[in-house]
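Position chains B, C, D, E and F relative to chain A; hints supplied.
Protein chains in written order, with my numbering: chain A, 1 to 321; chain B, 1 to 321; chain C, 1 to 321; chain D, 1 to 321; chain E, 1 to 321; chain F, 1 to 321.
All clues stand as given, with none of them false.
Calculated pairs, DSBU-like style, for lysine-lysine (alpha carbon to alpha carbon, straight line, at most 30 Å):
#, chain 1, residue 1, chain 2, residue 2
1, B, K280, A, K242
2, D, K280, C, K280
3, A, K280, C, K280
4, F, K313, F, K242
Because the hints were derived from the structure by calculation, they are not lab data.
6 protein chains.
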Amino acid sequence: MAEIKEPIEGYGLSKKQGERALFSRIGVVGCGRDGRSIVNLTAQSGLEVVFIEISQEKIQDALSEIEHSLDTKIENWGLTQSEKRATMGRITGSLDYNDLKDCDFVIECIRYEANGERSIALRKEVFRRLEEVLAPDAVIATNATTVIISELSADLVHKERCVSIHFPMSHSDARLLEIVKGIFTTSEVLEKVIRFAHLIKHIPVEVRESSGLVSMRLMVVMLNEACHILMENLASLEDIDKEFTIIYGQRYGIFELADLQGIEKIVMLMEDMFREYGDKKYKASPILWRLYHSKQYGVKERRGFYIYDETGKRLGVNNLI
Amino acid sequence: MAEIKEPIEGYGLSKKQGERALFSRIGVVGCGRDGRSIVNLTAQSGLEVVFIEISQEKIQDALSEIEHSLDTKIENWGLTQSEKRATMGRITGSLDYNDLKDCDFVIECIRYEANGERSIALRKEVFRRLEEVLAPDAVIATNATTVIISELSADLVHKERCVSIHFPMSHSDARLLEIVKGIFTTSEVLEKVIRFAHLIKHIPVEVRESSGLVSMRLMVVMLNEACHILMENLASLEDIDKEFTIIYGQRYGIFELADLQGIEKIVMLMEDMFREYGDKKYKASPILWRLYHSKQYGVKERRGFYIYDETGKRLGVNNLI
Amino acid sequence: MAEIKEPIEGYGLSKKQGERALFSRIGVVGCGRDGRSIVNLTAQSGLEVVFIEISQEKIQDALSEIEHSLDTKIENWGLTQSEKRATMGRITGSLDYNDLKDCDFVIECIRYEANGERSIALRKEVFRRLEEVLAPDAVIATNATTVIISELSADLVHKERCVSIHFPMSHSDARLLEIVKGIFTTSEVLEKVIRFAHLIKHIPVEVRESSGLVSMRLMVVMLNEACHILMENLASLEDIDKEFTIIYGQRYGIFELADLQGIEKIVMLMEDMFREYGDKKYKASPILWRLYHSKQYGVKERRGFYIYDETGKRLGVNNLI
Amino acid sequence: MAEIKEPIEGYGLSKKQGERALFSRIGVVGCGRDGRSIVNLTAQSGLEVVFIEISQEKIQDALSEIEHSLDTKIENWGLTQSEKRATMGRITGSLDYNDLKDCDFVIECIRYEANGERSIALRKEVFRRLEEVLAPDAVIATNATTVIISELSADLVHKERCVSIHFPMSHSDARLLEIVKGIFTTSEVLEKVIRFAHLIKHIPVEVRESSGLVSMRLMVVMLNEACHILMENLASLEDIDKEFTIIYGQRYGIFELADLQGIEKIVMLMEDMFREYGDKKYKASPILWRLYHSKQYGVKERRGFYIYDETGKRLGVNNLI
Amino acid sequence: MAEIKEPIEGYGLSKKQGERALFSRIGVVGCGRDGRSIVNLTAQSGLEVVFIEISQEKIQDALSEIEHSLDTKIENWGLTQSEKRATMGRITGSLDYNDLKDCDFVIECIRYEANGERSIALRKEVFRRLEEVLAPDAVIATNATTVIISELSADLVHKERCVSIHFPMSHSDARLLEIVKGIFTTSEVLEKVIRFAHLIKHIPVEVRESSGLVSMRLMVVMLNEACHILMENLASLEDIDKEFTIIYGQRYGIFELADLQGIEKIVMLMEDMFREYGDKKYKASPILWRLYHSKQYGVKERRGFYIYDETGKRLGVNNLI
Amino acid sequence: MAEIKEPIEGYGLSKKQGERALFSRIGVVGCGRDGRSIVNLTAQSGLEVVFIEISQEKIQDALSEIEHSLDTKIENWGLTQSEKRATMGRITGSLDYNDLKDCDFVIECIRYEANGERSIALRKEVFRRLEEVLAPDAVIATNATTVIISELSADLVHKERCVSIHFPMSHSDARLLEIVKGIFTTSEVLEKVIRFAHLIKHIPVEVRESSGLVSMRLMVVMLNEACHILMENLASLEDIDKEFTIIYGQRYGIFELADLQGIEKIVMLMEDMFREYGDKKYKASPILWRLYHSKQYGVKERRGFYIYDETGKRLGVNNLI
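Chain A with its partners taken away, still in its complex shape (with noise of 0.2 Å):
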């Protein structure tokens, strides 16, 4: 596996200008939850960004949430008002693919499905689409855990060109990007978003195409262990809980991360894991499957492994585990 050797803390600011001059701007399409998420960052980071919704309506709701969740932390003293004003200025939406036309690097973030999966057949016309409008050498990224990228670029002519990228969790201490070559992505492309990972202040992790890249692999074998420990009744939810904050540092019991993530999204991807490797370590536990099949799915549906109010805030132990 090539080496990342260029590390972060080398970039000094008039280097990151310097960088910052290789994106001219970049493109987010779909701007749901890991869309906005995306377009936040890279605004905040100082990068024009364009993003592309399929109604005026959503492009609305989008920059509301934005500037409500650069408000929040203007609150936490985390960000002037004046800083606010110039993100919110960087940002533009659209509904027209054309508008992402100068962007030397988009990444398609379009909704989950129903069932917890976006469809390879729609991605594969978004990438259609971005290869009409853009520049040869602009890269097209997919933000996605499961196998797909060589073949969502199967189809294009400029294969070596896409790329998968992974932002595993949406905390702002939780700074670390995964990427992942398909087999045609040339060593530049990977040179690139390895770039754009520094600019907006990520530690880029090249990982192999493989179900659930590392990320993921690794919270399932704890998701599905400490509810095994939970269901042989060595231990309450809550001290299991505690066991993963004080002993090991996390920074969520893994049951609190679960709520957090949303069930319905990790048992989908325990079961990818399933069919691809075969380990019924994978498989979710009788307790996953069982909160799956009565939609609790963690904090939206207000149900989970805890039981949660309106705002989100924790009530106690979920007893109909």
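Quick look at chains B, C, D, E and F alone, frame taken from chain A:
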């Protein structure tokens, strides 16, 4: 499972003094790495401690090591000279079990054998001798991760006072104590141990008798999965460690942690878990076996997943894995 | 799990009549093998039953089959002619869902598809039509072994009245009814179903939503192990069956039972269980697959583990296994 | 596998007497629980029995226990006083192997060790001493569930007369005898054992040498699956037992049966089966290990899955599982 | 399993001519890679062959390819010009199923779909059309490795004449033919196929219906184990291949063989086997998935485990594995 | 892994003589089956060999056996009388380790114990004695398939000269030598062993320390899968062997090979591999256990998968499997 309801925050100072009075004196049998750490914790929490060793020389070694660690803490501004003196003043070493006779809580911590396991026979002997000198209501605890408390206590007259405890990690922030009730243990005894945990500022977590308890089962599946990811060549060793620290916020990368804990202990524990559960997920990965067979046990041998200099400073990745 | 405390023996006659009054009428949708069996059980217990079928001819067939089974019971001195007349008098067949409108308990029993599975879509349609005609507090039940009640009820207005029930075996002595609460089911509804179980003289057993519930998971592991023993050539097929009946006292040998239940249904159920649990112990043994692939499904096809004549009488072991 | 064709029903009285003549005398070495049961069965079937014990006291104990069990049978109208006297008259206890010299069929039944296993060395010694006193064509049998007959007989001169037998359950209706041919056993010897089975009114079932034979493999998978269902909290312990008795018609619920058989024996047997097959389905469930580690072995200890009083009467479920 | 006793060596020339008379004409439907190979084999063995294709152009292509392969054989002194002419003279291509009407043995060999699988529906259609034109006692065979003959023949009038055959490897020395009886196949039909095998100088091996038959199950476990050894970095790819050829004497190293057979076909077959057996040992190793996902299928794509030039000559190891 | 680049073909005669000079004398400790084979190979390659045995009688036996095997080779025209004399002239037997003192390469080959394993303690003693007499740069090798070289060499002064070698099969065409570097082994030592391999005309393959190395892991999975296929009754034993020889071109069918190698050794090796990997695929199939338990170990005992006469000629299939 009985709930441990008393919140750690609730312990005001005066209450603590009351509590402290419950424990006139703590005993520790065996003052190797684990024993010293317990003696140290206990004395710094204001309790009197007596420890038993098998030679005057070993007593002296233990006292020097403890003093050395307190000096380090002073250098880091975590302790004053007078606190150090007070702490050392609360510690007594002895060759004679009779010096434990006033203790109301004694913890057995005898050293590991060459093969990574402490002998059951030896421990039973310690228990027998403790029962000879202690008051009938003094608590006898063993420090262990595998199932033994019911077995160790089987020959005693007062089986109900025996309990197993486990400090999962030696780190000043990892203040969690796993407590295992045996089949004979009364809830009064459990209560006493919980109070002890509070006095030494640890979160008590009650865990059922089982191989690896909770903390080590979690560690073992994280480590094994990380080894499989490494073996499949999905990411580099250092990048996998970054996933643990940056994404999940853990104190250590899992390979780093394994080197600190000692690979021989982990592999032996995994064998024990495989013997109990028969599940391949607990069977040491070929990478772990290779380190084990070639005695590259981690920091102590200066070779494990990483390479270290004589002071334990990491020099780089071990290319012989 | 809520305890089901009311003992079946406690139900004296007068109390029963009181209970019976609670159920003015029972409805059954679909009168194939399973439906007829429920209609029969219910009418013999003194309750009025209405069943829905899709053609006048199917109604007539169902009534004839029920009458035939009552005649058989008379021949075995288990019923008198007048009891038979009374029973038949309590049964009504209909083509029209409106005839269910007075029912306070309706059980969906539509037929299995060719592939051994009933379509979810079809069942949802039945549920929708039932809700149109029934009172809001009438209970709607489905007869199933795999996880679906939460899914089936998801689109209804009164989800809380839906429940899943399962009669594990059609045998006059196997009087146990598995009852599955969905996530929305209230305990009042559960109570009603328990009363219904008592009225038809079945022991109610509350089971959580899961693939195969309890009864079929037990059967499947017994059958698969027996197949492995047969495959390893440790004992003859008939001797293995004797172990079940003579040592453990089971009504049927496990191979005999599989032939009765239908091997295609069992294999489909095992696939469902493997999909949920990913454990090889639920994967049909090569012997089962061979019978399945060659459509030797058991008694109905006159070939399964054993060979049968047209009346279902066993002729000997199937040498083509 | 050789077929065992002779039907048990075919044995008319006069034929039986002829058969009986074939066995002038039966010998039993060791008269613990299993041995007594065989002595009892044999004498009640009209055969002369000599048993060997290691002290006069143990002989007396064995005779009293047998007499006591016959008295119980009289109370239940299953035996008359004169039949009892005749039965007791056919039983002789002895300290001397020479008293076995006229026996044409001797069964070794020495006691289990503390660890649940009988020593191979001890058994080999018994076999050696039997060969010294017996006629060359007398059959020597061992009573066992794990693979040993080929090993036990390896040092004898007349290996061809050795055979292994197993009474799967001590219950007056469970009249099935598993018979295992070793590699050297002739079919004449097998025929003799089959005749013996008929004489004591048991169905003979020929089984190949393997760990757990057929009966115990079936029991072990039923028990382990039931434990998993319990652990997953799908149904209550008592309800799971009802599924076995009501649906499948078994004499005992599986948890009840495990308590009767002794959990320590079952766990040891499972370990043996795991050692041979390496399949997780034979590895004792965490619930079984917990009972095993805490010495809650079942009826004898008054605690197992259920709690019992001193007479073995069930008091309720064991809440410490 | 019926024994195949007739030894291949016993077939003298005159007997062979008698046998040949049994087969007036052989038919082949579909003349892709597998079909051509069968046509070629058959014609060289002195039998008349008619093959069906879907266009005149495809007929011409097939004939050219066959002629080309005969020319290669001439160059290697394995054939004379006049033998070639005789062989080509026995081959006829046709667009019309009616031209098969005199055939007494027809083999269906239609092409694989893009996804590596031939459609069941398409094959059933071929079977139906064959039955329309063939005499009732003509044998219909399909060329397959997965379970389907009982299914394919289910709708035919003369099911008893259907059989499945499999040529495990296209190599002039690998003359073994796997023959699978369906549930309806008579032994006369089996005999005919065995005679056909002898005529084309192949050893017939009767195999039961199952996924992967015997040949592919063996290949798949060899390949998967070799991949695991490679992944664990125990030896180099080329050295592992040498172990197969030098130690065991195989014609090809296993990686070499996989590249020849096509990795996409092998992975699809493994998925089929995992679906049937549920055993992880049949689940493609991560290395195989990586080649599969990136469409490095082997010799045809010039990239697989090794790299090849356009003529199929091996250039070295593929470093992108 | 270090590359072994030197091609075997490159060794011209004069170069060989140069190489030979590097090895003045080869030593072998233990002259059982494996030892004799090494002595023979080495002497035929023109090197002087000294072997150590424990009695004059055993020395004589070894020499006779070697002479006998050379005579057989002469009969097959593979050797002349004068070559035989020269070969025998290069071999010396001795009782005294001091006779090894001029050797620059000594191979330990002591006999297997009854249980199929050579004692580590005994081997360590041999190593210790070798170090006493040998020059510090003489290479010490052990002949083994399981992980031990790092362990065996741990107590020596010159650990860096220890290495493990393995001749996977005793067949004149299977000329491949597996070489295992221990953790201390230098690359100079590795180079020497590679040169030795070339001198005896074997392909050297470098393998990492692990249970079963590469050759035996491959054999074990082939054998186990073949046993499963046999147990599932998919094909006959002889036909399965034909698949190996005809399709894949192996020298022996796998059952034939197992009989040659000795089933007790293979089962013991599989147990070792299961202990290390915990994967069921290495656990001996019930068929192998049955042969093992009944001591039908293969050719030597004249019974294994096949039956043999006293000269080792195969008589047919063993029907007692």
